[in-house]
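Those protein sequence lines, which keep their order, are chains C and V. Position 57, counted from 1, in the first sequence is what my numbering calls 57; the numbers after and before it change by one each time, with no gaps. Position 315, counted from 1, in the second sequence is what my numbering calls 315; the numbers after and before it change by one each time, with no gaps.
You may find that some hints are simply not true.
[Stated by the list, open to error] Estimated spans, in silico, between C-beta atoms of each pair:
no.: 1; chain 1: C; residue 1: Asn63; chain 2: V; residue 2: Val689; range: 14 to 22 angstroms
no.: 2; chain 1: V; residue 1: Pro582; chain 2: C; residue 2: Ala95; range: 48 to 56 angstroms
no.: 3; chain 1: V; residue 1: Tyr624; chain 2: C; residue 2: Ile101; range: 38 to 46 angstroms
no.: 4; chain 1: V; residue 1: Phe619; chain 2: C; residue 2: Ile101; range: 48 to 56 angstroms
no.: 5; chain 1: C; residue 1: Leu85; chain 2: V; residue 2: Leu176; range: 33 to 41 angstroms
no.: 6; chain 1: C; residue 1: Leu85; chain 2: V; residue 2: Lys26; range: 27 to 35 angstroms
no.: 7; chain 1: V; residue 1: Ala470; chain 2: C; residue 2: Asn63; range: 20 to 28 angstroms
no.: 8; chain 1: V; residue 1: Leu787; chain 2: C; residue 2: Asn63; range: 51 to 59 angstroms
no.: 9; chain 1: C; residue 1: Ile101; chain 2: V; residue 2: Ile641; range: 52 to 60 angstroms
no.: 10; chain 1: C; residue 1: Ile101; chain 2: V; residue 2: Lys26; range: 40 to 48 angstroms
[To be verified] Here are some chain V residues pointing at chain C (derived, C-beta under 7 angstroms):
no.: 11; residue: Leu688
no.: 12; residue: Leu775
no.: 13; residue: Tyr783
[What the hints assert, rightly or not] Among the chain V residues that face chain C by a calculated CB cut under 7 angstroms, a handful are:
no.: 14; residue: Met673
no.: 15; residue: Cys677
no.: 16; residue: Leu681
no.: 17; residue: Ile769
no.: 18; residue: Ile786
no.: 19; residue: Ser788
No lab work stands behind these hints: they were computed from the structure. Glycine included, every Cβ here is placed at the ideal spot set by N, Cα and C.
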Amino acid sequence: MTTVITKTVAKICLMVDMLYSIDLLLIGGNRPGGGFIGGVLCACGIGLIYVAYGYEDIKKIWNPDWHSWFGYGLLFASITALSPLLAGHNYFRSAFDIRPIELMGYEVGELELVSSMFFDLGVYFVVVGGLLFIVTKVGTDKVKDPEGGQ
Amino acid sequence: MDPSNAIVIAVFLPFIVTWTLPLLYKVFKQRIGWIAAAIAFTCFALVAQVVPYTMAGTPIKDSWLWLPSAGLSFDIYGDGMAVLLALIVTGVGVIIMSYSTGYMSTKEDLPRYYQWLLLFMGAMLGVAFTDNTIQMFVFWELTSITSFMLIGYWRERPESIYGATKALLVTAGGGLFMFAGFLLLRIASGTYGISEVAGSSELLANVHDSELYVATLILIFIGAASKSAQGPFYIWLPNAMEAPTPVSAFLHSATMVKAGVYLVARMHPILSGTPEWLILVSGTGMFTMVMAGFLAFRQTDIKAILAYSTISQLAYLMTMYGYSTAEHPGLGFAAATFHLLNHSTFKATLFLVAGIVAHEAATRDIRKLGGLRKEMPKTFIVAVIAAASMAGVPPLNGFLSKEMFYETSLEIGHLVGGPWALIFPVVAVMGGVFTLMYSIKLIDGIFLGERTHDHDVPHHVHDAPLVMLAPAVFLVGLIIFFGLYPKFPIETLIQPAYSGLVPGAEHLHIKLWHGITTPFLMTVATFATGIILYRFYNGIAAWQNSFSARFPWISVNYYYDWTVNNARDVTHKISAVFQPGPIGPYIKASLLFMFFLAMVPLFYFHIPAGSILPAGMNFNAQPYEIVLYALMLVSALGAMIIPRYLPAVISLSALGFLVSLLYMYLKAPDLAMTQVCVETLSTIVFILVIMKMPQKFKEPMPMGKVMVNLLISGAVGFAVFAIMVNANVGMLGSFESFSQYFIEKSMAMTGGLNVVNVIVVDFRGYDTIGEISVLSLAALGVYNLILSRAGGAEGGEDE
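Pulled out of the complex, with its shape left as it was, chain V reads as follows (with noise of 0.2 angstroms):
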């Protein structure tokens, strides 16, 4: 298959799929997942294709306009990064989704949460192969309110709903400001185009040279830092764990934290190269390394302490794509790609592993778990290895890219000098030391130790079913034959994604032992301080509680919740004025807009022309219309003092039916027949509701409302009157009538006689689908304003 059209199709087929789940779940039932991960291998199968070309070193290029008017096109660039992102994204996906069949009840909603994990994915591919910084935020922001739903999952649960709040709030938050920088990018080099940018020499000079670089650099940060939980943005992370476990390792560790990372290295080619982005984007990535990896130790869910952890390897990835000079822009990008893949690898199989135990075992809280070993053997082992990967031990994956980490920061210590020769260097050991600590705890925690007999625990532990083993062994296969065969995915993903965005970049030669070279020594003083540091562990857990619990103020979390506590509360207060509640106000405010809306044209097109009633106004009435503007008249009173909701009802609704008399008689029949229905119908409703209503009014209005009440509607009526008179004679000059067109055309054009209905159902057809639009949303408004008033679930606003 042509490869730009494999990636369209890839792209937009779990867009198109996820409407039919639905339909699909009634033939396939439980068996759904299947379908999904069926979906997500074609995907796969479809990006693979695309392999040759970005190891040849031609990336896919293709675009398709879709909006002209405003410059706007629907560009794919398919390079090697690009590939690489989203073969993790749909190689995980497929592990996820068949993993999933096993982990979900049957008695969720299961269409639900595969129609959302399929557009996350699709979402999460138009991240990868977009070529254009519009086409980006959007598959950005998407990916986000994928996130939002999957996390919210289980709807009931208050801390899903607060998670979930905070990981919208913060990821499309942050969204907003990289859309920011892309406007100012696009200034900077005056198109939306990302390869166009990074091909193009002039424009980059463009970029580097504007006075809006550094601005444009720290806003698309942003964006990438709240998506991928860096620096201050990390807070989301660890509520986002509210979500079921597969999508914890699918969102929330494989894929979508890393469209930060992948962002970053996206926008290598265009920004990368200077001192800013060394401060700023290894800068922070040093900090949270260090930071998250240390506030892991407090955490007792072992979901939280993979977050942490997670944060805490992403923060690897940013440092080593912030690792740039002028000379050597790409110090730390194959390096940081290697270990991207290498993560994907073995936090997915973390994560998969505690959605085993928590299973199994009924729960995840590491103070509660301990010995499962015996029990469960076979999850025991991928758990050693995934964490023996994450730790950085020979021969796996982890170690191999560690070693580049430890590499590469030695390199820029030595390019930057000074005391950053040692700087670089310490803190990337620090980071290493307190990796391994965690990794240590997880299987200590859970595997290892005394057999604890917690009531929450049952006695009896069974091993992982199959289907929920079998993707996790897999992800082992790939951390060890990662680790011991490294020149495969060097060759067929590394490679192209890093000489694919970094200009001159060498050939890349990894092997698992290089000889007795720093780094290795590195490595070896790693392994010592942190098993020596291990015996403390419990000790800096403990004493870390008891400092956050002396300074909570400390926390960034103590910053979110204030701002969003208040923010409610302050909207609470100002809907409270503007809806105070009781439906009297609402109805004066509306009938006084209305005298303004009527008053202000009269007066500024009519005074000048003299008196408010027109020259000419026929005042002869038939005597039998007399009698009918009498009832009416009588009617409306009636409606106004009668005491009694039932016969005020009734005495309203005989106005009603009086002004169809009235349009029979002006010979609009269509209008007439209309008005009897619709009053007929709507003494229905009233009588519905009044039914149930005691039938005398409460109290007697007192008389100062009874007069505003009286001014209000008699200055309505009033200028609904002048408004009338006048509309026929020419307030603004005389308009041309067209009904001649349309009684013209009718028959002709449509074979119909009744004009009225012809206009509506054809000639202006469009606005009748608006108006039963508009009915259908009404009803459904109905509906859900006499839900939230009976007092459901969601606690009535009304109080």
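Excised from the complex, chain C in its bound form (with noise of 0.2 angstroms):
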């Protein structure tokens, strides 16, 4: 798996991914896309990146300990989802502004501030979590036995 080829082009598929597994997460409330669909990206991403240089290679360079990442992703969505409730609203309720963007008395676009995005980003963080920790203990597992994978 380790060749040249192998290794150069998931290189470049990683950072085409993960900018488009950023946009993904941003666009996700207008166009296809969300926190999901994005998570999944960048897990794939890294994971192709795992495949191609070997984990133990890229451990020693970087080693994020994924499952902290889908823990506080959690963390974050359960709180988003809760803080409604402190402004009296249902849990989950959602709020969002839409203003114009000004650029020397021009109005050159528009921001579109939505408070479901943090929920979205907790989503995230708990795709890339999960995703990649299950990917790393399983690339890691020490086959014994041949019978053990079937």
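Combine the two chains into a complex, taking the hints into account.
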């Protein structure tokens, strides 16, 4: 698996992949995308790097604990979901605001602020953390007997 | 502060603070024990505020509805008895937690230790102040669980695991009996309230006249006896000594084991005053008192001796609470309550001494110890006073309550009459004699005699450090103070508890010296017999050892082990049938289930309508669609027949990508994108695994197996197909589509144009949070599976 071609392609893929993944997360409200799909895409990119370079080598350079990613993501999503209670609304109630962006007096676009974005961000982190946690754990599993995998 | 608020804060403060301990640990490190002690002291101060109210005879009663639909409320009731127990719990808690700062090594997992201690304290305060049986059950089982965690604190030791499991099975199992008893009580009285029943003569009469009375009494008493290690349930307490010594001092001598006795006291106004009560409670108590006192002889571990002594002393309390006749329902109540307080002081001290000795001399085996009085003079004095109090030597507090025990035993014997006039006092004296004997043995074995030279014991044993000695000295101070000046504890604690639960309680007068009365003569007889019999102590112990070696089946432990081991074997056999290990059968089973799940409703609703294919199906397909379908078929076939792993997996993922193309064609870009990503990721995971395996399938599958697999997958494929083509055609009548609702509201309510995503994060956000929780759990599950397969400490289940 660890040929030069795979490595080079994986590296390029990762960059495109990460950008697209963040884009998907941000545009999720209005166009196809969202936290879940963005997270899966991000996990794909990083997983590909793991396959191409080998987990052990990557681990020496960069080794985040993925389990805390999904732990904090879950916490973040839950807090977002419960925070409307503080304002006296039902939980999961979302709010949004659309503001024009002005540049030197000219309106150049608009910025949409959506509170459910935060929830989606939590989902994103859970997905990235959970999937990569599984990938790394499965990848480092020591296969003892050939029967085990079937 | 308002007393009912003080009680509620005291109950919940430990529960809240316990979550912050891991964070506090980062700041305070090993000094975190002082934080926990401070919390315990705060609770103590809060509970102490209630004392003036109970002394004035006005118990605190308050109630908050929390589940009105089930008629459940959070009820607190702070009377003298509750305050007494709560003060013991928090007071001993302060002592134990500060002692622990010296006892526990700084290398231990201290946050976990103090977290569970605080949780236990909160649960125990909950038991003390509860006024409804459901709430009592919840806190009761919580004390069992925290005790389980603390006994098993040293997780890697098999003895700890055994002891913790045993304690949990016995006490939590007993709690279930108690729960059944509470339900019967509810049927008889019509309420979950405790003080409500106790305060109403009509409800009391209902309970006593009910035909369920005996069953209620027995069930509730099983709960109390299992918690307080009475009768056959005593077996868990000696094994619970595997806990760290401060835990044993706190939970398994001073507080948690008192919960059973406390329950008996709490139920006293409701259930006492009948012959059944006397026979059950006192009978069990007397039997346990003599048996445990006798069995203490053959123990060689200091903590084991203390454990049997605790069982025996708790049996004193049971016996006295059981002394009850119709005219004098609360005959032994005051004596028992006073002894409950005294026992907490002297037994906690002895456990602290045991901890000091084990800490400094590196062993708790009484055969290896001896002659430590010169090296540990301060500990020696502390131990002598505590042991003397336990044995009932004047002028210490143990003497006073033991006198009261003898006195009430004479009275109950007189009231019951016949041979019982002799049996009650004689059994009481027997209990006293055994207590005296093992008390002497403790002092004799550790401190007196020749200094031993066992290789386990260091050459130079130091006296205890101040942080461990000070708590013990404080308790000894209480022992002497209560002995010389009993008026103080009696008036502030015992009298309110007594008057609060026994109607028509007289005023208590306790003096050190009554003159030469029958109880005093009984004490003299106890001392004389005990000192004479002590010469045969080792002989009796040797005889017990040979006896139990010859008749192993006479011990309750024998039956416990038999039951638990058999339960393990039987469940192992059952699970071997349902969970054979290889993944093939699981997949077959779930696929077959899916087949039935799909086919049963299909046939049930559809067959009357005729063919399996709905009318008006559209078979027209564009040429490029046909190409797509053909490619899908080819890749599916490829995944099936290619005999090497890697190409087969690639073929399978090709099928997935083709499916996402189909989604694209059917105008579902969200789905298509998700499918692409998920497919990529699962291919990556597959490849990660497969890279480590031999690339060829190991052996060709036998033809029969292939046929079975083909049959199952064909059937499932057919079922899914059938349900899919019929889903839209009114198999169950047509549903009204509600997608219009989402499309209309999406922009207005959430500002999002992508309805799919808006549904996921907004309208159905509740589902999503469930899904991401499942994803997290799945990740943890995978981790655990791999960990257990790697054959870690658990010893792989796969073998």
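Hints versus structure:
The supplied range of 14 to 22 angstroms is met by Asn63(C) and Val689(V), whose beta-carbon atoms lie about 21 angstroms from each other. Separation of Pro582(V) from Ala95(C) is about 52 angstroms and conforms to the stated range, judged on CB atoms against 48 to 56 angstroms. For the pair Tyr624(V) and Ile101(C), the supplied restraint of 38 to 46 angstroms holds, since their beta-carbon distance comes to about 43 angstroms. The hint said 48 to 56 angstroms for the Cβ distance between Phe619(V) and Ile101(C), and at roughly 53 angstroms that hint holds.
Here the CB-CB span from Leu85(C) to Leu176(V) is close to 36 angstroms, well matched to the stated 33 to 41 angstroms. One distance hint, 27 to 35 angstroms for the beta-carbon pair Leu85(C) and Lys26(V), holds here, with the actual separation near 30 angstroms. For Ala470(V) paired with Asn63(C), a C-beta distance near 47 angstroms fails the hint of 20 to 28 angstroms. Between Leu787(V) and Asn63(C) the C-beta distance comes to about 18 angstroms, which lies outside the given range of 51 to 59 angstroms.
Distance hint check: the CB atoms of Ile101(C) and Ile641(V) are about 58 angstroms apart, consistent with the given range 52 to 60 angstroms. Against the hinted window of 40 to 48 angstroms, the Cβ-Cβ separation of Ile101(C) and Lys26(V) comes to about 43 angstroms, which satisfies the hint. The beta carbon of Leu688(V) comes within 4 angstroms of a beta carbon in chain C, closer than 7 angstroms, and the hint placing it at the interface holds. Hint status for Leu775(V) relative to chain C: holds, with the closest Cβ pair at about 5 angstroms, below 7 angstroms.
A cut of 7 angstroms between beta carbons decides the hint on Tyr783(V): the least distance to chain C is about 5 angstroms, and the hint holds. Because the closest C-beta pair between Met673(V) and chain C is about 5 angstroms apart, less than 7 angstroms, the hint holds. Residue-level restraint check for Cys677(V) holds (minimum Cβ-Cβ distance to chain C is 4 angstroms; threshold 7 angstroms). The closest approach between the C-beta of Leu681(V) and any C-beta of chain C is roughly 5 angstroms, which is under the 7 angstroms cut-off, so the hint is satisfied.
For Ile769(V), the interface hint holds, since its Cβ comes within 7 angstroms of a Cβ in chain C; the closest pair sits about 6 angstroms apart. The restraint placing Ile786(V) at the interface with chain C holds, with a minimum CB-CB distance near 5 angstroms, inside the 7 angstroms limit. Taking 7 angstroms as the C-beta contact cut-off toward chain C, the hint placing Ser788(V) at the interface is violated, the least distance being around 11 angstroms.
Checked against the numbered hints given earlier, the structure breaks hints 7, 8, 19 and satisfies all the rest.
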